[in-house]
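Enquirer: Residues per chain, in single letters:
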Amino acid sequence: MDAGGPVTAVGDAFVYLNDPFNWTRPGGILDLLVQHLRISALAVLLAAVLAVPTGVLLGRSGRGAGALVVLSNVSRAVPTLALLTVLAVTPLGFSETGTVLALAAFAVPPMLTNTYVGFREVDRDVREAARAMGMSRGQMLTRVEFPLASPLVATGVRTAAVQVVATATLAALVGGGGLGRIINLGFGQQDHGEILAGAVLVAALALLTELLLVLASTAVTPGPRRWPLRPVRAARAGRPEPTSSGVPL
Amino acid sequence: MASLGALSATSDPGTPVLAADEAPNPWFDPSYVTDNWDTIVGHLGQHVRLTVGAVLLGTLVALPLALLARRTRLLAGPVLGLSSVVYTIPSLALFAFLAPFTGALSPVTVLVGLTVYTLVILVRNFLAGLQGVPDDVREAARGMGYGPARLFLRVDLPLALPAFMAGLRIATVSTVALVTVGVITGNGGLGQLIIGGLNANFYRAEIVTGAVGCVLLAVVADVLLAGLQRLFTPWTRAAR
Numbered sequence: 001m002d003a004g005g006p007v008t009a010v011g012d013a014f015v016y017l018n019d020p021f022n023w024t025r026p027g028g029i030l031d032l033l034v035q036h037l038r039i040s041a042l043a044v045l046l047a048a049v050l051a052v053p054t055g056v057l058l059g060r061s062g063r064g065a066g067a068l069v070v071l072s073n074v075s076r077a078v079p080t081l082a083l084l085t086v087l088a089v090t091p092l093g094f095s096e097t098g099t100v101l102a103l104a105a106f107a108v109p110p111m112l113t114n115t116y117v118g119f120r121e122v123d124r125d126v127r128e129a130a131r132a133m134g135m136s137r138g139q140m141l142t143r144v145e146f147p148l149a150s151p152l153v154a155t156g157v158r159t160a161a162v163q164v165v166a167t168a169t170l171a172a173l174v175g176g177g178g179l180g181r182i183i184n185l186g187f188g189q190q191d192h193g194e195i196l197a198g199a200v201l202v203a204a205l206a207l208l209t210e211l212l213l214v215l216a217s218t219a220v221t222p223g224p225r226r227w228p229l230r231p232v233r234a235a236r237a238g239r240p241e242p243t244s245s246g247v248p249l
Numbered sequence: 001m002a003s004l005g006a007l008s009a010t011s012d013p014g015t016p017v018l019a020a021d022e023a024p025n026p027w028f029d030p031s032y033v034t035d036n037w038d039t040i041v042g043h044l045g046q047h048v049r050l051t052v053g054a055v056l057l058g059t060l061v062a063l064p065l066a067l068l069a070r071r072t073r074l075l076a077g078p079v080l081g082l083s084s085v086v087y088t089i090p091s092l093a094l095f096a097f098l099a100p101f102t103g104a105l106s107p108v109t110v111l112v113g114l115t116v117y118t119l120v121i122l123v124r125n126f127l128a129g130l131q132g133v134p135d136d137v138r139e140a141a142r143g144m145g146y147g148p149a150r151l152f153l154r155v156d157l158p159l160a161l162p163a164f165m166a167g168l169r170i171a172t173v174s175t176v177a178l179v180t181v182g183v184i185t186g187n188g189g190l191g192q193l194i195i196g197g198l199n200a201n202f203y204r205a206e207i208v209t210g211a212v213g214c215v216l217l218a219v220v221a222d223v224l225l226a227g228l229q230r231l232f233t234p235w236t237r238a239a240r
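So the sequence lines, in the order shown, correspond to chains A and B.
Just so we're aligned, residue 1 is where the first sequence starts under UniProt numbering, counting upward by one.
Just so we're aligned, residue 1 is where the second sequence starts under UniProt numbering, counting upward by one.
Treat the hints as calculated values from the structure; they're not laboratory data.
Beta carbons are placed, not taken as given, at the ideal position from N, Cα and C, and that holds for glycine.
One should not assume that every hint holds.
Unchecked claim - Just the calculated beta-carbon pair ranges, DEER-fashion:
id, chain 1, residue 1, chain 2, residue 2, range
1, B, Phe28, A, Asp123, 43 to 53 Å
2, A, Gly188, B, Trp235, 46 to 56 Å
3, B, Gly81, A, Arg63, 29 to 39 Å
Let the hints inform the model, and build the full structure from the sequences given.
Expert: Here you go:
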């Protein structure tokens with residue numbers, strides 16, 4: 001409208017993305033991308049360190065399902081933007097630490113619930129057979145339970161990682177860095193071309209992360225390969241979305 | 001008093017020099033809420049309007065899509081695949097994609113974006129609910145002479161209602177949280193308070209009022225929908 005309609009905006013976005021200076025200058029796309037990925041990686045790592053061992057402990061004992069459902073629902077109700085802003089006005093201030101902590105907090109529930117379900121669903125008979133073969137608790141964990149639970153653990157980590165990469169965009173709204181800054185600047189200047197260019201970059205990064213992690217998790221999952229990119233089978237279609245992690249509890 | 005405070009501050013090198021640095025910045029301030037009641041209610045109204053609008057529009061689009069997807073297996077795959085791709089796109093990017101078409105400062109941008117996200121959740125849950133209706137029951141109803149409309153209203157809808165309501169509850173709670181991102185267009189409901197407080201020299205009371213308001217709204221909406229579900233499915237209570 002004020003910037004000349006959608007067609008001009010698409011052209012402007014193309015020009016913006018085609019300008020090498022926009023990529024390589026200090027604070028340009030490459031710098032923001034590196035920052036985006038660093039924040040995301042730290043958040044996922046922190047969340048995994050907290051969530052996966054807890055999920056293993058709870059899943060093996062089979063306790064805490066109710067608490068996990070509550071945690072999952074609460075994390076859905078709290079806006080990411082709210083937590084980012086609240087952490088920015090604590091003594092942490094506008095730092096990457098605040099962003100990492102906020103993103104990690106939202107990455108914990110999907111990892112925790114998936115790990116929990118993965119370990120809880122290990123067949124009792126398989127556990128007993130392993131014990132009868134003389135395996136210690138440690139051996140059972142690493143050789144029996146973990147391989148069986150690993151597809152769900154991987155799903156949890158992947159869901160959380162994609163979500164973190166996506167929500168790291170919001171850090172720009174509270175003065176943080178990352179690729180969201182391009183969108184934020186574009187809105188600030190009412191520059192539709194820049195807005196669209198930022199949207200393309202952020203969406204591409206999120207989709208690429210999802211694709212890479214799907215391939216990676218399939219590759220590291222033991223057992224017969226179930227390649228995820230094959231057409232959806234009728235039996236798998238229409239799975240509901242019961243918790244934020246996408247796993248029914 | 002103020003000059004005394006400033007004097008003592010300058011004499012002590014450990015404390016901040018500026019008087020503004022010593023201004024109290026409480027996490028919650030009842031007087032902020034009472035003084036700015038009209039502003040808060042205004043933003044709350046927009047928050048509710050955007051949420052209700054997005055969930056209603058999403059339902060209107062998702063129901064036919066789910067019915068179509070149930071009819072043909074061929075369509076179920078693409079519909080679900082596309083919906084998970086859409087869910088991967090960050091909300092800020094989705095609003096940014098829409099902005100050149102619907103206006104960068106328009107609430108329509110937020111409404112359309114939120115509707116797209118509710119669609120993803122609703123289509124999935126609606127389809128799961130419809131697929132959960134036993135074929136025998138539908139067969140029997142058709143044998144009794146039920147037409148398509150009556151079959152849907154009297155057989156499919158009651159049996160799929162728990163799944164439908166679960167989808168609506170998740171979509172509503174997620175939407176309440178996502179509305180805050182609309183602040184990028186200046187239409188973020190209570191998100192305006194969160195970012196407004198940040199821009200007003202990190203005024204904590206305003207930020208926390210916005211954040212707590214969002215969570216409370218989500219809880220109220222969820223409880224209301226849970227109540228509706230109980231009301232509409234009396235047979236599930238009788239079974240207990």
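Enquirer: For each hint, tell me whether it holds in the structure or not.
Expert: Hints and how they fare:
1. Phe28/B / Asp123/A: 43 to 53 Å: About 50 Å separates the Cβ atoms of phenylalanine 28/B and aspartate 123/A, which means 43 to 53 Å holds.
2. Gly188/A / Trp235/B: 46 to 56 Å: 54 Å, holds
3. Gly81/B / Arg63/A: 29 to 39 Å: Given range 29 to 39 Å: holds, Cβ gap about 36 Å.
Checked against the numbered hints listed earlier, the structure breaks none of them; every hint is satisfied.
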